[in-house]
Amino acid sequence: MILLQTPTPGSTVPLELFFGTIGMLALTIGLIVFTIFHQRKVIRYQLRLQRMEQDQQKMLLNASIRLQEEERQRIAADLHDDAGPLLATARLYLNENLVNLDKTSQLQSIYNAKQIIDDTIQLIRNISHSLMPPTLKNFGLESAVNDLFQKISGSGSMNASSRFHDYRERLQPENELIIFRVIQELVNNILKHSNASFIHLTQNTSANKFFIRLHHDGRGITQTDFEKLNKSNVGLGLKNIQSRLKVLHGKIFFEKDMSQTYYKVTIELVRNEEEIFPAGNK
Amino acid sequence: MSGTVELIYFISEILSLILFLLFCLKKSGVELKIVFFYVVAEFFVDFVSTKTAWGARSSFMLLSIFTIIEFVSFTTFLYLGIANRIIKKTIAGCAILFSIYLIMSFFQTEKDHFDAIQASGESILIIIFCIIYLFEQINKPPDFLVYSTPGFWVILGFLIYMSGTLFLFIISDRLALEERSKYWQINNFCNIIKNILFSVAFLVSHYSSKHRSIEKPYPDMLENPYENWKP
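Protein sequences appear in the order of chains C and R.
248 is the number that the numbering used here gives to position 163 of the first sequence; each next residue is one higher, with no gaps.
199 is the number that the numbering used here gives to position 190 of the second sequence; each next residue is one higher, with no gaps.
Source of the hints: derived by calculation from the structure; they are not laboratory data.
There may be inaccurate statements among the hints.
Within a straight-line C-alpha distance of at most 30 Å, the following computed DSSO-like cross-link-like pairs (lysine-lysine) qualify [to be verified]:
(1) R:Lys-149 - C:Lys-331
(2) C:Lys-143 - R:Lys-149
(3) R:Lys-98 - R:Lys-42
(4) C:Lys-331 - C:Lys-316
(5) C:Lys-341 - C:Lys-236
(6) C:Lys-126 - R:Lys-149
(7) C:Lys-143 - C:Lys-316
(8) C:Lys-316 - C:Lys-294
(9) C:Lys-277 - C:Lys-222
(10) C:Lys-126 - R:Lys-97
(11) C:Lys-331 - C:Lys-349
(12) R:Lys-149 - C:Lys-336
(13) C:Lys-277 - C:Lys-331
(14) C:Lys-349 - C:Lys-236
(15) R:Lys-60 - R:Lys-42
Chain C stretches covered by chain R per the calculated footprint, using a threshold of three residues with CB under 8 Å from any CB of chain R [as the list claims (entries may be wrong)]:
(16) 100-113
(17) 123-136
Note that CB positions come from ideal geometry on N, CA and C, so glycine has one too.
Could you build all of it, start to finish, from the sequences and the hints given here?
Next comes the structure, spelled out in structure tokens:
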């Protein structure tokens, strides 16, 4: 009320003071309120993003757990359905050997048992190789990929080729395995869904980036499709690729070639200098 | 009424000083120490100008000195609180130029009236700097709410005080001595609010340093599972 008391008749000073002070205080309070509300809005938005990221992580984790379980079931099935009967048959032959004293029959059953044990060894070796390819362990990613592509080309259904331009030094073995699994999954998807006639893989590096590119001429997906599939409940393999690459802080891009003829998948990884080993070494 | 307002004003000053000494003396940063220094200077100037005969005679000179102290304290606080280098340099440049102007005008002008231009200029500059500070706070990725930081409450105190007294300082030249002392209650009201906000800042500083957590908001569920694995 001090502000509204006029000192001298006709003076405009208290009015100026009144409106000026009230106006300034109103502006200040408005500014403060705006700052607080704006910040709360930004924080709410960030929390929503964090929740979305958390959901995405949960989805990836579920995908990798499911895939791991599927892998275990496959190994269990291989052991139970293939190795189990083989060993049981070998045991039967050896049992027969104890009952039958005829020398020729004994030799025959020992020979049969040996054959079956050889088959079992081969079967177990195959299971073991599917878990950890020996070529990858001993000779590195380049050899393992070439091996895989030779097998695909050998089947005659598709022409698969690879070229490593700059792979003089190997990556960490665990990183090589992750990259190999990603390539396997991508190639598997191409074989299953794309109806392509060829796959070509190239590797190169630029600065501290490590690139792997896969081209094929079949049906493929683009980055938008990939993101959609990643958010949905289908596309387990793609989620698994995503979660594996997350471990390496890598990125993956799906796109159609400039000529609109080929589909291209690019894997981009950051290469740490201390993590490299001379290529070809065990 | 003016006696009551002045008493509350003194109490608010003492309250903020006590709160700083109790809660922030040992663990506060330079920023809050500057605020404390400013409140001490304000208390000293108010005490001398109202309780001593020399102070009453030289109140305009004391106010001029206090304007310089106030400007330097506020700009230093804002300079330390702002992160952007370009803005920091701009603030430092403006602050140095205006401080030189304040010091020069202190020596060149007679001390028989209130330094309205200097005080108004100071208010405008501080308001601008405060808006820049708030703008930076808006643009920064927020780690925690702005009102959980002591800096926000200090800035709020600056803004309320400076915007509330700006028009009083602008027109104080045109007021008679009697009118000026009557309208000076606005300054006292704004000072009370400012000191209360400074007290809140000291309390917030004490409690936020006690409870601040550095934990991640949620664990990364895809931490590298291959970390300890060797083929």
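Cross-check of the supplied hints:
1. Distance check on the hinted pair: Lys-149 (chain R) and Lys-331 (chain C) sit about 27 Å apart at the alpha-carbon level, within 30 Å; holds.
2. Distance hint between Lys-143 (chain C) and Lys-149 (chain R) is fulfilled; the C-alpha atoms sit about 29 Å from each other, no more than 30 Å.
3. For the hint pairing Lys-98 (chain R) with Lys-42 (chain R), the CA-to-CA distance comes to about 22 Å; that is within 30 Å, so the pair holds.
4. About 16 Å separates the Cα atoms of Lys-331 (chain C) and Lys-316 (chain C), which keeps this hinted pair within 30 Å; it holds.
5. Taking the CA atoms of Lys-341 (chain C) and Lys-236 (chain C), the gap is about 26 Å. The hint holds against a cut of 30 Å.
6. Note on Lys-126 (chain C) and Lys-149 (chain R): the hinted pairing holds, with a Cα-Cα distance of about 13 Å set against a maximum of 30 Å.
7. A C-alpha spacing of about 11 Å is found between Lys-143 (chain C) and Lys-316 (chain C), which places the hinted pair at or below 30 Å, so the restraint holds.
8. A hinted pair counts as satisfied when its Cα atoms are at most 30 Å apart, and Lys-316 (chain C) with Lys-294 (chain C) qualifies at roughly 27 Å.
9. Simply put, Lys-277 (chain C) and Lys-222 (chain C) have alpha-carbon atoms about 27 Å apart, close enough for the 30 Å limit, and the pair holds.
10. Pair hint Lys-126 (chain C) plus Lys-97 (chain R) holds up; C-alpha atoms about 27 Å apart against a cutoff of 30 Å.
11. At roughly 20 Å between alpha-carbon atoms, Lys-331 (chain C) and Lys-349 (chain C) fall within 30 Å of each other, so this suggested pair holds.
12. For the hint linking Lys-149 (chain R) to Lys-336 (chain C), the alpha-carbon distance of about 27 Å falls within 30 Å, and the restraint holds.
13. For the hint linking Lys-277 (chain C) to Lys-331 (chain C), the alpha-carbon distance of about 25 Å falls within 30 Å, and the restraint holds.
14. Taken as a hint, the Lys-349 (chain C) and Lys-236 (chain C) pair is honoured in the structure, with Cα atoms around 22 Å apart against an allowance of 30 Å.
15. A threshold of 30 Å between alpha carbons decides the hint, and for Lys-60 (chain R) with Lys-42 (chain R) the separation of about 26 Å falls inside it, so the pair holds.
16. As drawn, the region 100-113 of chain C meets chain R at 8 residues by the rule of a beta-carbon pair under 8 Å; at three or more, the given contact holds.
17. Remark: the region 123-136 of chain C is confirmed as covered by chain R, as 7 of its residues place a Cβ nearer than 8 Å to a Cβ of that chain, reaching the required three.
This entry satisfies every hint, going by the numbered hints stated previously.
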